[in-house]
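For the record, the sequence lines run as chains A and B. Counting from 1, one number per residue, gives the positions in the first sequence under the working numbering. Counting from 300, one number per residue, gives the positions in the second sequence under the working numbering.
None of these hints come from the bench; they were simulated from the model. Any given hint might turn out to be false.
Result set (DSS-like, lysine-lysine): computed pairs, CA atoms no more than 27 Å apart in a straight line [to be verified]:
no., chain 1, residue 1, chain 2, residue 2
1, B, K563, A, K219
2, B, K402, A, K190
3, A, K146, A, K219
Partial selection, computed: residues in chain A whose CB lies under 7 Å from chain B [to be verified]:
no., residue
4, S10
5, N15
6, P24
7, I28
8, A40
9, L60
10, D135
Built from N, CA and C at the ideal position, the CB exists for glycine as well.
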Amino acid sequence: MISGKSYNRSKVVENITGLLMVLPTVIIFLIFLYFPFFNAIRISFYEYSGIGPIVDFVGLRNYRQAIVDPNYYNALGNILKLMVIDVTVSISVGFILAYILFERVPGWRFFSSSLFIPYLISMVVSGSIWTIIYDPTIGPVNAILKMMGMGNLARAWLGDPGTAMYCVAVTWIWRVIPFNMLIMYANILKMPIDFLEAAKIDGATLVQRIRYVIIPYLKPTFGVLFLLTVTHDFRIFDTVWIMTQGGPARATEAITTYIYRKAFQNLEFGYASAISIIMMIMMFAVVAIVNIIRDRAKD
Amino acid sequence: MKKKVNVLQIALFIIMTFYSIVSLYPLVWVVIQSFKTESEFLLSIWTLPSRMNFANYVAAWNKANFSIYFINSVTVTVTTLVLVLSLTAVAGFAFAKLNFIGKKFLFNMIIVNLMIPTAIILLPMFFLIKDLGIKNTLPALIFPYFTGTVPLGLIITTSYYKGLPDELLEAARIDGCSFFQSFLRIILPLGVPIMATQGILAGMSTWNEYMWALISISEKSRYTIPVGITVLQGARDRTGYVVGFAALTLSSIVIVVLYLFSQKFFVKSIAAGAVKG
Chain A
1 MISGKSYNRS
11 KVVENITGLL
21 MVLPTVIIFL
31 IFLYFPFFNA
41 IRISFYEYSG
51 IGPIVDFVGL
61 RNYRQAIVDP
71 NYYNALGNIL
81 KLMVIDVTVS
91 ISVGFILAYI
101 LFERVPGWRF
111 FSSSLFIPYL
121 ISMVVSGSIW
131 TIIYDPTIGP
141 VNAILKMMGM
151 GNLARAWLGD
161 PGTAMYCVAV
171 TWIWRVIPFN
181 MLIMYANILK
191 MPIDFLEAAK
201 IDGATLVQRI
211 RYVIIPYLKP
221 TFGVLFLLTV
231 THDFRIFDTV
241 WIMTQGGPAR
251 ATEAITTYIY
261 RKAFQNLEFG
271 YASAISIIMM
281 IMMFAVVAIV
291 NIIRDRAKD
Chain B
300 MKKKVNVLQI
310 ALFIIMTFYS
320 IVSLYPLVWV
330 VIQSFKTESE
340 FLLSIWTLPS
350 RMNFANYVAA
360 WNKANFSIYF
370 INSVTVTVTT
380 LVLVLSLTAV
390 AGFAFAKLNF
400 IGKKFLFNMI
410 IVNLMIPTAI
420 ILLPMFFLIK
430 DLGIKNTLPA
440 LIFPYFTGTV
450 PLGLIITTSY
460 YKGLPDELLE
470 AARIDGCSFF
480 QSFLRIILPL
490 GVPIMATQGI
500 LAGMSTWNEY
510 MWALISISEK
520 SRYTIPVGIT
530 VLQGARDRTG
540 YVVGFAALTL
550 SSIVIVVLYL
560 FSQKFFVKSI
570 AAGAVKG
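The shape of chain A in the complex, shown without the other chains (with noise of 0.2 Å):
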């Protein structure tokens, strides 16, 4: 394009530098993403301890015993409870939150720039501090109900299965709640105002504005942020290895901190290699039917 379309010699040049200013980026990617992932995809049919070579081929031995494997469903299970949660909870708050901002309020300025530092600061920290704000002794949680009289209610939140989960699961939307909030908002101002005023002008009530015309507008919006929401929670690690390391009872157990115990812990890296896979194959469907989804939506 730049060097001009009429040499031969200069084509040739081109070509010659383009893959030069892209080749140490694509080296890096061979050495340790396609190598790694190639590997990933070739342990997953050997036992392998993590010592010496990898001999002991066992064919499809571990994806077999994957799929009927209860400790991998439960994370399973509790990755969907995490996704459900996840999807109404943090998405709908995140958009009042949005809303608010975009009516305005008094000190919107101060709320849209204050509210989004849970996003910036580490799933370790923000981990640790959830953990200490659970402690059954010196934790604010037990000592606010017992204050208010509810002394009856405190527990080991974290230490108890029935509600682990949930307190994972509070921390881990406290964080992710201001970016949806940042991304609806940035999408609601833009808006054409036009709409809102038509519909103002017509009369249509508060809850009938935004049912009606914000919110089908920021359809895409949502869409994208289910996706990346989804996505995101197959992925957690940090929050649950800080709070609880998938414990108690493996009542917060990820996929991935199933992965991390298998391999780190019991050895079994061939095993561990095989849910790794299955958890890709299973975030590719469900990123496939979103998208069919969202393109059957589209017409």
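Position chain B relative to chain A; hints supplied.
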């Protein structure tokens, strides 16, 4: 009519204030505790510190090795950013403005990593860095962080360079600039905003990364902040809660301060990253 709007505004304001308190109080609480002495903290978790007491910060920094983790994190993040930004600028420009064999294939080969969960790569990567003899070294972290952050950056960089008019380069060529001169003198300076955007996205994820650092670094003197934090939380019986609070505050302060100084840009960058991803 006017009055109705005001009632609505007040209702919305109350909702917003309530959410802000719930959302930000945990952070404020941690910062407040970090200035207390251990006995003050254990006495009551609601009181303010009797005086601004920086002893916990000093203890976290010196005794709890936080200075080492901090330097490690800075080193890892800076080298990753240098590598990511320079190679992405070069490759992004080639993908945007040059025609060469296999262009589309190579581009897709890089960006497809957005779809591959890190969990898959972790195990074989662990063997790879062992075989390469780079376990516990800087390259063991920066190359995987490179492949993790380049795809998104490459998408936004390439589309940015595509938007630059061809005439610009044509004019530079006519004025006698060689290809590399025009790249260095014209393209790179124009690309600074997009590099800053990419820098924020890549810098944040590198600074905060935990999973791979946990697996690949086993020597304490090489820990980055996220791994170091977990060590500190684990050693609470010995160091006390309040030192832990100081460490949590210290590890977040860099990003929060950066954010407060360049808010608009931060927010724009993160939004750009989300939409393209």
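Comparing the hints with the structure gives:
The straight-line distance between the Cα atoms of K563(B) and K219(A) is roughly 25 Å, inside the 27 Å bound, and the hint therefore holds. Using a Cα cut-off of 27 Å, the hinted pair K402(B) and K190(A) is violated, with the two alpha carbons roughly 34 Å apart. Taken as a hint, the K146(A) and K219(A) pair is broken in the structure, with Cα atoms around 43 Å apart against an allowance of 27 Å. The closest approach between the C-beta of S10(A) and any C-beta of chain B is roughly 10 Å, which is over the 7 Å cut-off, so the hint fails.
Given hint, N15(A) at the interface with chain B, holds; its Cβ is 4 Å from that chain's nearest Cβ, closer than 7 Å. Because the closest C-beta pair between P24(A) and chain B is about 5 Å apart, less than 7 Å, the hint holds. Taken as an interface hint, I28(A) checks out: its beta carbon lies about 6 Å from the nearest beta carbon of chain B, inside 7 Å. For the restraint placing A40(A) at the interface with chain B, the shortest Cβ-Cβ distance is roughly 5 Å, inside the 7 Å limit, so the hint holds.
Because the smallest distance between the Cβ of L60(A) and any Cβ of chain B comes to about 18 Å, over 7 Å, the interface hint for this residue is violated. Contact between D135(A) and chain B, as hinted, is not supported at the beta carbon level, the nearest pair being about 9 Å apart and thus beyond 7 Å.
Checked against the numbered hints above, the structure breaks hints 2, 3, 4, 9, 10 and satisfies the rest.
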